[in-house]
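Protein chains: 2
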Amino acid sequence: MSTKPSPLTLVPSLRVFRGRAFVFGPGKAALLEHIGRTGSISEAAKAMEMSYMKAWKLVKSMERGFAEPLVHKTRGGYARGGATISPTGRKVLALYRTMESASQAAIRRSTPRFTRLLK
Amino acid sequence: MSTKPSPLTLVPSLRVFRGRAFVFGPGKAALLEHIGRTGSISEAAKAMEMSYMKAWKLVKSMERGFAEPLVHKTRGGYARGGATISPTGRKVLALYRTMESASQAAIRRSTPRFTRLLK
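From first to last, the protein sequence lines are chains A and B.
Residue numbering for the first sequence follows the working numbering, beginning at 32 and increasing consecutively.
Residue numbering for the second sequence follows the working numbering, beginning at 32 and increasing consecutively.
Please note that the accuracy of each hint is not assured.
Repeated chains share a single entry, so a pair holds when one copy, or any two copies, can fit it.
[To be verified] Below, computed lysine-lysine pairings styled on DSS-like, alpha-carbon distance capped at 25 angstroms:
1) Lys88 with Lys104
2) Lys77 with Lys150
3) Lys150 with Lys88
In case anyone wonders, no lab produced these hints; they're calculated from the structure.
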């Protein structure tokens with residue numbers, strides 16, 4: 032009864048759609064970040080506990096959706112392992128994180144009211 | 032080239048956590064709404080293409096997390112089929128939808144920038 036309750040966190044998970052087609056969301060954002068950090072799709076896939084094939088498909092779907100590739104091949108192409116985020120990829124990622132922050136700031140003021148409804 | 036692109040929609044999917052424990056999110060919100068509309072957990076489960084057992088577990092987990100039940104039994108209990116949203120349930124749902132709207136309003140101004148990065 033007297034234990035201090037854990038703080039409430041509100042996590043906005045943004046998904047961008049064009050019409051009905053899913054374009055970008057938390058998984059693709061995390062994958063881009065991991066590719067930027069590791070310089071490799073396969074290392075990024077490992078970090079996300081995802082198959083290389085799945086990561087590769089996500090990269091391919093990002094190529095289809097955006098005006099310019101978000102990921103660039105390095106050292107002989109994806110299959111050889113090297114990849115890096117393109118300038119457009121950095122823009123997309125930064126904009127996505129900005130939107131997440133804006134969303135979080137907007138809902139933060141509701142946190143106390145939600146907390147009062149909890150046990 | 033000349034086809035008009037579909038409009039971009041940004042969908043914030045809010046998940047509420049207490050510490051590491053998931054408390055409330057899009058699935059529970061939708062379930063509450065369906066229970067309110069149909070007056071029945073099993074009808075709500077059908078509308079969501081979810082098993083009765085899964086819907087019932089979600090209702091039970093909402094009972095554990097909140098100070099008061101979000102769903103009330105009617106006509107002899109959950110098993111006999113009847114259920115309705117409690118006043119607290121309505122409060123939680125309204126607050127959740129308010130937070131969603133606030134989040135959407137906050138990210139709307141980024142939509143044109145995101146659109147320009149797309150194909």
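Each hint tested on the structure:
1. Lys88 with Lys104: Within one copy only: 14 angstroms inside a chain, 46 angstroms across chains, cut-off 25 angstroms.
2. Lys77 with Lys150: neither (38 angstroms within a copy, 29 angstroms between copies)
3. Lys150 with Lys88: between (43 angstroms within a copy, 18 angstroms between copies)
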